[in-house]
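So the sequence lines, in the order shown, correspond to chains Y and Z.
If you're matching positions, the first sequence starts at 1 in the numbering used here and goes up one per residue.
If you're matching positions, the second sequence starts at 1 in the numbering used here and goes up one per residue.
Since the hints were derived computationally from the structure, they do not count as laboratory data.
Hints may contain errors.
What the hints assert, rightly or not - With a cut-off of at most 30 Å between alpha-carbon atoms, the simulated DSS-like pairs for lysine-lysine come out as follows: (1) Lys108/Y - Lys108/Z; (2) Lys23/Y - Lys241/Z; (3) Lys24/Y - Lys241/Z; (4) Lys24/Z - Lys241/Y; (5) Lys23/Z - Lys241/Y.
There are 2 protein chains.
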Amino acid sequence: MTETYAAAGVDIDLANQTVALIKKHVRSTFGPQVLGDIGLFGGLFHLQGYREPVLVASADGVGTKLKVAALLGRYHSLGLDIVHHCVNDILTCGAEPLFFMDYVAMGKLVPETVASLVSGMAEACRGVGCALLGGETAEMPGIYAPGDLDLVGFIVGAVERENVIDGRSILPGDVLLGLPSQGLHTNGYSLARRVFSITSQDPVASWDISYPELSRSLGEVLMEPHRCYYPLLKPVLPCIKGIAHITGGGLVDNVPRVLPDGLAARFYRGTWPVPAIFGLLQRRGDVTEQEMYRTFNMGLGMVLFCAEKDREWLQKAVPEAMRVGEVVERQGGDGVMLR
Amino acid sequence: MTETYAAAGVDIDLANQTVALIKKHVRSTFGPQVLGDIGLFGGLFHLQGYREPVLVASADGVGTKLKVAALLGRYHSLGLDIVHHCVNDILTCGAEPLFFMDYVAMGKLVPETVASLVSGMAEACRGVGCALLGGETAEMPGIYAPGDLDLVGFIVGAVERENVIDGRSILPGDVLLGLPSQGLHTNGYSLARRVFSITSQDPVASWDISYPELSRSLGEVLMEPHRCYYPLLKPVLPCIKGIAHITGGGLVDNVPRVLPDGLAARFYRGTWPVPAIFGLLQRRGDVTEQEMYRTFNMGLGMVLFCAEKDREWLQKAVPEAMRVGEVVERQGGDGVMLR
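Given the sequences, and given the hints that come with them, work out the whole structure.
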């Protein structure tokens, strides 16, 4: 038998078809700083307007929110998720997003699925003035099951060296301000899927169930996109000392990443609303409080650190920012205390 | 039953253990331009030394070479592959590599496997003076089977705007110079695995077979790392008009990516050696000639375009560069002609 690459599960024509479908979305994100067009081996971005640029980069996935998205056929939304996640990551250092690149891998390439993902990514990129500079679509039979996929995002931003936010100036007595999340964002889905028995073999479509606690169906609540905090925080970055993006590991693992040695963050529970989905998850799965706070964002998508003297101004500029705690000396214990 | 994130297949302690194992490798790539340390939400790179910098970025995977590497337990080598692939991609635009980021996803996180991958990536990064600025390790039960993984690389380089190589100045009569590949690099593995029946269910360890055509076992030949052309080409970039990196799609799909409209590349077969592995693949799989050239690099890892007047000097500076063809007017046919 004559072997071909297509028979081995890799179809280059399908790949070319995909490129044709995504071109217009990708181009819609191109500003004058993008040189060249789609199809080069590298994406070209002309860096301008910085005296002493520090590039800030991050790589991320969306975890097994992929599985929920695939079951509901909601790929556009997943495209928003990955870009917003990446934008938030570099925003923690004070960076404005310059360009984004994606990697999409599937067992069997479905051009329409990739196009839907890319349309979401392009929309999110346009929203923050970021170019979708390139990407890679891989068809890998034998690694991904036919309906499965992975989605990875890479982002590069820039910030003037003197404006880098790194938490170094955080002091005891500084204030913790929390920004509300909209649902799980992109973390904790393996646990959530288990608690709600969401699988592709599920005959009852568990994601269609309306729980009395939730205002919409479970699927809608779980697919709520990762919120992007860049437009909100851009004007107030100069008075922020540190920013923690609450992703995998929750408040417990993420907040200490920006705290100087010897300091801890004390949160006052009850000072921010915990969305109903988290209570439902906890009760249904009989998940411990500790595990909840180490797995989910529990209603806080970002935590900002600022001096008490700047708090009032900052809360006026960003009314959503809630005072949720304070910085204290670390007494040998954990970097995060939940009271 | 009390649910935990670990029971759902995601182990944050294992993730922290992984970070501890890879730290020294990652730090070994840090030069003075890297600000901050491991563990921030974004990697920080201080860009210096450019008047009018153009950033060049690329995202890539290693395809199903992953499967072969997993069977042979050769993860370090796969780390070399992904970095070299990415470095070559941005080299096509004349860029020097600044920093690299990786994404590793597994069904079940194995810290030693990640450490081995990262040690390979760090070695390759040091080799070209590139920082391994960060990355993401994802544990995704239900998307990847226990032994499976995916590895994605993302690179950012820079080049002075006036030195960008983009193929625009290529003219009829220009010379094609080919640089030898070392084996399959990172493309065509789905077909190769099928032809040689390399699967994890294989009881005879097909990769241990020594074919008379090959000087080493099949596994050794297939795991040969993707070659990095940056050190070789760096000194001669000023006289190169265009560079094609021969990856998925082979000469047929990759060479036209740098050719101006109306031009074609005519290759003279027999002017470069085709490694034995390709002949073996073709015979065993009864693969057509056309399919071979559209799937594999067929012995050429990179194709350079230069003016005839620069050829002698260039070949003296890079003795490996073989004259393999010429640029001609495109007569309505394909962008690549193989004679």
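Which constraints among the numbered hints does this structure fail? Numbers only, ascending. No hint contradicted; all consistent.
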